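Construct the complete structure from the given sequences, taking the supplied hints into account.
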Amino acid sequence: MMTKAVTAVLIGSLLFVNPTWAAPLRVVTTTEDLAAIVREVGGPLVEVESQTRGTQDPHFLEARPSLILKASRADLFIEIGLGLEVGWVPAVLVAARNPAIQPGASGYLDVSRDIKPLEIPSAPVDRSQGDVHPLGNPHYWLDPENGKVISREIARSLMSLLPDRSQVIEQNQKEFARRLDEAMARWKDRMKPYEAAKVVTYHNSWTYFARRFGLDVVGYVEPKPGVAPSPAHLNQLIALMKQEKAKLIIMEPYFGRSTPDLLSRETGAKVLVLPPSVGGVEGIKTYFDLFDYLADQLTTALSIGS
Amino acid sequence: MLEMLSIPFMRQAVLAGLILAAMLAYLGIHVVRRRIVFVDLAIAQLSAVGVALAMLLDQDPIGFSLVFTMVGAAFLSLPAYEQRIPQEAIMGIVYAVASAVSILIIAKMPHGEADILNLFFGNILAVTDGQIGLMALTFGSVGLVHLIFAKRLIPIPTEPGSSFLLRAMSWNLLFYLTLAVVIAVAIRTAGVLLVFSDLIIPAAVALLFAERLRSLVLLSAVTGVLSNLAGLYASYRFDLPSGPSIVASLGVFLALAMIGKSVALTIFRRSGKSGPK
Numbered sequence: 056m057m058t059k060a061v062t063a064v065l066i067g068s069l070l071f072v073n074p075t076w077a078a079p080l081r082v083v084t085t086t087e088d089l090a091a092i093v094r095e096v097g098g099p100l101v102e103v104e105s106q107t108r109g110t111q112d113p114h115f116l117e118a119r120p121s122l123i124l125k126a127s128r129a130d131l132f133i134e135i136g137l138g139l140e141v142g143w144v145p146a147v148l149v150a151a152r153n154p155a156i157q158p159g160a161s162g163y164l165d166v167s168r169d170i171k172p173l174e175i176p177s178a179p180v181d182r183s184q185g186d187v188h189p190l191g192n193p194h195y196w197l198d199p200e201n202g203k204v205i206s207r208e209i210a211r212s213l214m215s216l217l218p219d220r221s222q223v224i225e226q227n228q229k230e231f232a233r234r235l236d237e238a239m240a241r242w243k244d245r246m247k248p249y250e251a252a253k254v255v256t257y258h259n260s261w262t263y264f265a266r267r268f269g270l271d272v273v274g275y276v277e278p279k280p281g282v283a284p285s286p287a288h289l290n291q292l293i294a295l296m297k298q299e300k301a302k303l304i305i306m307e308p309y310f311g312r313s314t315p316d317l318l319s320r321e322t323g324a325k326v327l328v329l330p331p332s333v334g335g336v337e338g339i340k341t342y343f344d345l346f347d348y349l350a351d352q353l354t355t356a357l358s359i360g361s
Numbered sequence: 096m097l098e099m100l101s102i103p104f105m106r107q108a109v110l111a112g113l114i115l116a117a118m119l120a121y122l123g124i125h126v127v128r129r130r131i132v133f134v135d136l137a138i139a140q141l142s143a144v145g146v147a148l149a150m151l152l153d154q155d156p157i158g159f160s161l162v163f164t165m166v167g168a169a170f171l172s173l174p175a176y177e178q179r180i181p182q183e184a185i186m187g188i189v190y191a192v193a194s195a196v197s198i199l200i201i202a203k204m205p206h207g208e209a210d211i212l213n214l215f216f217g218n219i220l221a222v223t224d225g226q227i228g229l230m231a232l233t234f235g236s237v238g239l240v241h242l243i244f245a246k247r248l249i250p251i252p253t254e255p256g257s258s259f260l261l262r263a264m265s266w267n268l269l270f271y272l273t274l275a276v277v278i279a280v281a282i283r284t285a286g287v288l289l290v291f292s293d294l295i296i297p298a299a300v301a302l303l304f305a306e307r308l309r310s311l312v313l314l315s316a317v318t319g320v321l322s323n324l325a326g327l328y329a330s331y332r333f334d335l336p337s338g339p340s341i342v343a344s345l346g347v348f349l350a351l352a353m354i355g356k357s358v359a360l361t362i363f364r365r366s367g368k369s370g371p372k
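From first to last, the protein sequence lines stand for chains A and B. Sequential numbering of the first sequence, starting at 56, is according to my numbering. Sequential numbering of the second sequence, starting at 96, is according to my numbering.
One should not assume that every hint holds.
Claimed, not checked - Label-pair ranges, simulated between beta-carbon atoms:
1) 195/B - 287/A: 14 to 20 Å
2) 161/A - 248/B: 50 to 56 Å
3) 229/A - 346/B: 14 to 20 Å
4) 169/B - 152/A: 36 to 42 Å
5) 110/A - 195/B: 26 to 32 Å
6) 158/A - 113/B: 30 to 36 Å
7) 332/B - 273/A: 47 to 53 Å
8) 177/B - 108/A: 48 to 54 Å
In case anyone wonders, no lab produced these hints; they're calculated from the structure. On a predicted model such as this, the values are computed, not experimentally measured, just so you know. All residues carry an ideal CB built from backbone N, CA and C; glycine is no exception.
Structure (structure tokens):
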């Protein structure tokens, strides 16, 4: 019975008949992290798909026809913003020709609106700090506190698109926030023994994570991805790592290993490859899985190092 | 095929692909015959230097890249300074050095990553109505110029030092400028990889079978149009990135053409007739 009804509704929406109340809202997100949070907040009310996989660098995407097709049929499009997806989202939105999800419409959501970004450049002249996004650092989903903010933003958009389901959505969001608080205590406990551990990261993508869990990022491997570090930078970094006794070099799976390996040979620090997103490693299916995995990997690596 | 054309963005991509394929297939004949296949990459990379410099100086990137493209094309049109260094080598060198320079400029920029330059290279799936209009306008004008001045533009300038050197140089300059305009517009629509392939591969196929200009242009254009259609269809059917699909499809066309030609030659020889050379 139920299946029949759902099938009828699905066929109905495929035929471009006005979707009835039971058809799930079609949500397209730029990253798996956003999709995971949408699933928490929307539950069965939504059908969500991410345009990038967790194993991909969300800065870049080679658009395939199916991605644009999905955006053209979406009711809600959600992006991280702060310039993270500036290389491809505008092109996808133009090609999708879907007025419902254009910036400004109720079906478009940039979840960075309520985030307090770190590293907003105060003076545009300082070039020594490496890669600085003009709007601030966009890797904010790696702080679970920001995950809460994101879930509130998503709930607000879902409620405006599904006003008669507002109560359920609000409940889901509250429940997600509560579970996040609970898990947060667990993650902080696990990371506690390694407070102020000195690490080097490949790029500035772990800033929010490090701040929340008390890691001390003393330097970056490649201040600008794609631009090989200068000899002077490497020299300084090696000296700094030795002086600060940095134990770990944290990098994403999609960056090249050659420079981190060189640093590891020179300083004895260990290279740790960590996925910054849901889906980055098999088995990380939810926003909670991601931080469980990160805490596992980091505590293991740091306990061996010390 | 029809299903693909019922989707607005695929329809636009097909339209853009056909316009690009036809224009580039024509110019490609001249580019391959003049032995300057790197001209496209050199020009693309010079425009990237313009973009990088504009961002460093906080200027308008489109204007800057246009100036760099035009000045670069004018420089490349100069006759070989030294006979022992072929024009081809110069083009390759310009490509390599310009790539390096754009990376160096980005290294000195307060924000920005090496891939920021890719923002100025287009993706055929995301082509806009405006871009199609611009292509129609510029390609139409360039086509007209080539039609009117065909006798002057098409001959390959010979050794420098001939008595009409200056005049030959200015026609050559016009050829390069028209080429640069087309390439500048094309890479903003379709990206460097696809434009290079659309320019060179159909011309190579045509040169396998034809000699006279008219048949060369016709064969090249037909090859370009068919392989672009096939590539876009494969991209749609198998959900692959469109640019690389078209390039692979061009590659398949060339491979088939080469096999076809050698088979035909073998048959001709066997039957004792004097086949095409």
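Cross-check of the supplied hints:
no., hint, result
1, 195/B - 287/A: 14 to 20 Å, "holds, 18 Å"
2, 161/A - 248/B: 50 to 56 Å, "holds, 54 Å"
3, 229/A - 346/B: 14 to 20 Å, "violated, 56 Å"
4, 169/B - 152/A: 36 to 42 Å, "holds, 39 Å"
5, 110/A - 195/B: 26 to 32 Å, "holds, 31 Å"
6, 158/A - 113/B: 30 to 36 Å, "holds, 31 Å"
7, 332/B - 273/A: 47 to 53 Å, "holds, 51 Å"
8, 177/B - 108/A: 48 to 54 Å, "holds, 51 Å"
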